[in-house]
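The residues making up each chain are set out below.
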Amino acid sequence: MILASVLERLKASKTSYLYILPALIGLLFLVLYPFAYDIYISFTNMNIGHIREFSLIGFTNFSYIFSDPDFIVIVENTVVWTVANVIPTVALGLLLALILNSKVRGKNVYRMFLIVPWAMPSFITLLIWKGMYDLQYGVFNKFLEQFGVAPINWLGDCHWAFPAIVIANIWLGYPFMMIIFSGALQSIPTELYEAASIDGAVGYRQMLHITIPLIRPTIILGLLLGSIWTFNNFNSAYLITAGGPGICTTIFITQAYNLAFGGLLNFSVAAAYALIAFVFLFFPGLLWTRYMGVTKSS
Amino acid sequence: MKGSAGGRWTVGKVVQSALKHAFLIIMAVISIYPVLWVVSTAFTPGETLATGWHFLLGFVPIPDHPTLDHFASVLNLQVTGGTFADWLRNSLVITVSTVLASVALTLPAGYAFSRRVFPGRGALMFSFLLPTMFPGVVTIIPQFLIFATLGLVNSYLGCIIPYTVGSFALSIFIMKGAFDSVPRDLDEAATIDGASEFRAFWQILIPLTLPSIATVSLWAFMGSWLDFALAHVMLQSNSLWTLPLALYSLITPTYTYYGTFSAMSLIMAVPVFIVFMIFQKYLVTGLTSGSVKG
Amino acid sequence: MARVSIQNVTKVYKASPAVKDLSLDIADGEFLVLLGPSGCGKTTTLRMVAGLERPTDGSIYIGESLVNDVHPKDRDIAMVFQSYALYPHMTVHDNLAFPLKMRKEPKEKIEEKVSKAAATLEITELLQRRPRELSGGQRQRVALGRAIVRNPKVFLMDEPLSNLDAKLRVQTRVELKNLQKRIGTTTIYVTHDQAEAMTLADRVAIMKQGVIQQVGPPAQVYAHPSNKFVAGFVGSPAMNFLEGVITSSGSELSLNCGDFSFPLDQSQSSSLTRLLGKKVTYGIRAEDVSVTQQSTENYVEVSVFGSEQMGSEQFVHGKRGKQDIVARASTNFRADIGSSVWMNLTSPNGHVFDSASEEAVV
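Residue numbers (our numbering), protein chains in the order written: chain P, 1 to 298; chain L, 299 to 592; chain C, 593 to 954.
Worth double-checking, as some hints may not be accurate.
[Unchecked claim] Subject to a maximum C-alpha distance of 27 Å in a straight line, what follows is the list of computed DSS-like cross-link-like pairs (lysine-lysine):
no., chain 1, residue 1, chain 2, residue 2
1, C, Lys759, C, Lys696
2, C, Lys708, C, Lys696
3, C, Lys606, P, Lys107
4, P, Lys103, L, Lys579
5, C, Lys708, P, Lys103
6, C, Lys745, L, Lys579
7, C, Lys606, P, Lys103
8, L, Lys311, C, Lys693
9, L, Lys311, C, Lys701
10, C, Lys701, C, Lys773
11, P, Lys107, L, Lys318
12, P, Lys11, L, Lys318
13, L, Lys311, P, Lys11
14, P, Lys130, P, Lys142
15, L, Lys311, P, Lys103
16, P, Lys103, L, Lys318
17, C, Lys708, L, Lys311
[Stated by the list, open to error] Reference listing, derived: stretches of chain P covered by chain L, where coverage requires no fewer than 3 residues with Cβ under 8 Å from a Cβ of chain L:
no., region
18, 24-34
19, 56-69
20, 96-106
21, 125-137
Hints were generated in silico from the structure; no laboratory data involved. We treat Cβ as the ideally placed atom computed from N, Cα and C, and that holds for glycine.
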């Protein structure tokens, strides 16, 4: 009887499923299958020596990873990397969107400039950042020189390398957040601001009590997706410092890449790393999504 | 902020405005500074990064002998079997198709998630987030294998389909949020007026969610236009290259053609700006429906 | 409580004036309605009093203070918007408390005032709900609650009832009037619905294209409209207008409308003799036009083309040539379509308007 009613409900929702179907099929084939494949590989010994014939080797790859003393550092790096990036990027994007939503002249001109980091291929812009961080010729050190400050070894000093790549990545990220928030701010009716004006809320109080609560869902989505993307963001960490010096700026994905393509060509270990990264993201992602009601209906 | 009244210029207002502009100007400068280097390199003769310019104000690189040679080389770029014109065409076809496909698929999905209740709704929505949790680099190999089996390697579809699917994570949520913020009363009013669900969708929901549709289109465009990783694996004939592939071919193990590379990067950025300018109009319509709402 | 004085206020948007040299004094405790068709400038005027728009020229006083440069929040006013503008992310309680919270009132006082306002508007059970869970009528009361909770000097209302269904609108009208009388706050109310204006107003100001046409108590504006526009706008069904020339036969004056003519009431002769031979517009309300089946001298014959049964009375629509005339009759008057009936247009309540200036002569 329960089965019958479940089938009933499913049948009634036929068209809903239909609408999602094409997207779902895409998802199934291009994401879930590779995902499954990857899980499988991570339990094998597929590498340059065993490209076509490989065999299941159980948890060997995983124990290899976990027993690596560097592993803890890499996890730490990745988590710090994520938090240090997402919060400023979202905050900057939000601030810019709020300012551009207020009475300011030349909005369109400012916007064109502000999306430049996003519009240019990051490969070249990150190389430029690398150049700017150069110990001898980089612009940043030249700037410090003007003020009589000693040059900083951005790329060679562990303490500075991390902030260096974070700054570059924030530069890449805020335009996108700005765009998303600008869209959300459009949906707040002007009348609410007028009512708030009359009620006594102006300036930052209006922002605090009206604007920000109303775009809260967007902020949450920005934090969520931003975190997921940053966690797995390859370019910024790799191109500027290649994970160095040592493993100061190595995060999960750069390590995975190194293992897969950087000499050892050990795909199975890379796959194992990817799986671990996924698990790291899955549970917090699930909790966060449920708690914040991102998937709730209107 | 918006809507605050009392018009007269007070000291407070002037200071506020000055601060806003100051901040915006600083951010604008920060945004374009690295790109100035790209611009400078593009106009500097020679293919190295380190010489050929002097500094304006100490920090702005200006080429000593500006030249348009690099831009010309880009347009004349050729590899056996492929020319710049080919690659431009390929990129355009793939990107435009991706945008269309993405919009065509995320709109109904977003609609279903917003307006309909059905078993597994929450789970399905969450599952669209899963792809992002997976480091992209590693999924490329299995994706390649699938397409190899389907015989779609080295074809437009081999790129269009993955790019489209890649856009889902964000786009479905954006569209769901946009549809959420259109009050159901409007749907109901349309139904009473005799409109079928489809017509209500077309004539009411879509016009009111244009800013979000613009965002989704922009997103799909960006994901496709600048992608290197997937295209590199999927497109093997030189004639099928997309612009990013041509761009990165300028970096060989022995030598990097920085000048031409910079010029080409700039050329590739132009359509992005054009698209953004077009969409800007839609992104800021002031209609009562906007982007993401949970 | 305060008076509001609008002096020579003009508002121009991009070279087209929305409000032209408008002056109006509203007494303390008065319920003044700004009435007019869309685009007449009534909402603009209201918004200028609120401080949401600045006058291009002129002064606005609330109480004794000049408020032109005063921010809305410092004018001690409250506004009810047409769409209510309730904060969707706050509960009803927090919506009501918000203006008080912004003024940093102590918590106990806030609770006290919120409960009081909620009780007055009978929305106490709704305090923990959110706006999207409420019906239109409930939302409207919350909007009102937010306005009264601060006990401001002036209430400003922008067509607050227009989103309600007809029955609820009528009901709420009466409640609103009672509420205002009880609280005694000066109120400026904007509407395009003349019936609403008539019911609510102590005085009504009719506006057209940025200019006040007439101000006065509803009864006065109804009985003595100062021009054709006011005469035609106020009252339902709309006043009948007939163009004609004033002629005389002996001591009697008549209106010659070309196809037909009818005598004018004796009481009007003295004022109208100077207009002898001139074209005028004659206005007469349906309730002042009697109609009969009998052919009567000095009545005008019309052909019936429709009738409206209102339940307690009937409005008969007749046509003579190109002229339509509406008359009020009892419900059992037979008005068959196409039949001929005779309408009496002679009445001491008739109005005569100058053809050029459209101002009332009688």
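Each hint tested on the structure:
1. Lys759(C) - Lys696(C): Roughly 39 Å between the alpha carbons, so the hint for Lys759(C) and Lys696(C) is violated.
2. Lys708(C) - Lys696(C): holds, 18 Å
3. Lys606(C) - Lys107(P): This hinted pair holds, its Cα atoms lying about 21 Å apart.
4. Lys103(P) - Lys579(L): holds, 18 Å
5. Lys708(C) - Lys103(P): violated, 38 Å
6. Lys745(C) - Lys579(L): violated, 43 Å
7. Lys606(C) - Lys103(P): Since the Cα atoms of Lys606(C) and Lys103(P) sit roughly 18 Å apart, the hinted pair holds (cutoff 27 Å).
8. Lys311(L) - Lys693(C): Roughly 24 Å separates the two Cα atoms, so the pair holds.
9. Lys311(L) - Lys701(C): Status violated; Cα separation ~33 Å.
10. Lys701(C) - Lys773(C): holds, 24 Å
11. Lys107(P) - Lys318(L): Holds, at about 11 Å.
12. Lys11(P) - Lys318(L): Violated, because 55 Å separates the two Cα atoms, which is more than 27 Å.
13. Lys311(L) - Lys11(P): Distance of about 60 Å is beyond 27 Å: violated.
14. Lys130(P) - Lys142(P): holds, 14 Å
15. Lys311(L) - Lys103(P): Cα-Cα ~11 Å, so holds.
16. Lys103(P) - Lys318(L): The given pair, whose Cα atoms are some 10 Å apart, holds under the 27 Å limit.
17. Lys708(C) - Lys311(L): Violated - the C-alpha atoms of Lys311(L) and Lys708(C) are around 38 Å apart, more than 27 Å.
18. 24-34: holds (count 9)
19. 56-69: With 0 residues closer than 8 Å to chain L, the region 56-69 of chain P misses the three-residue bar; violated.
20. 96-106: With 8 residues closer than 8 Å to chain L, the region 96-106 of chain P meets the three-residue bar; holds.
21. 125-137: holds (count 6)
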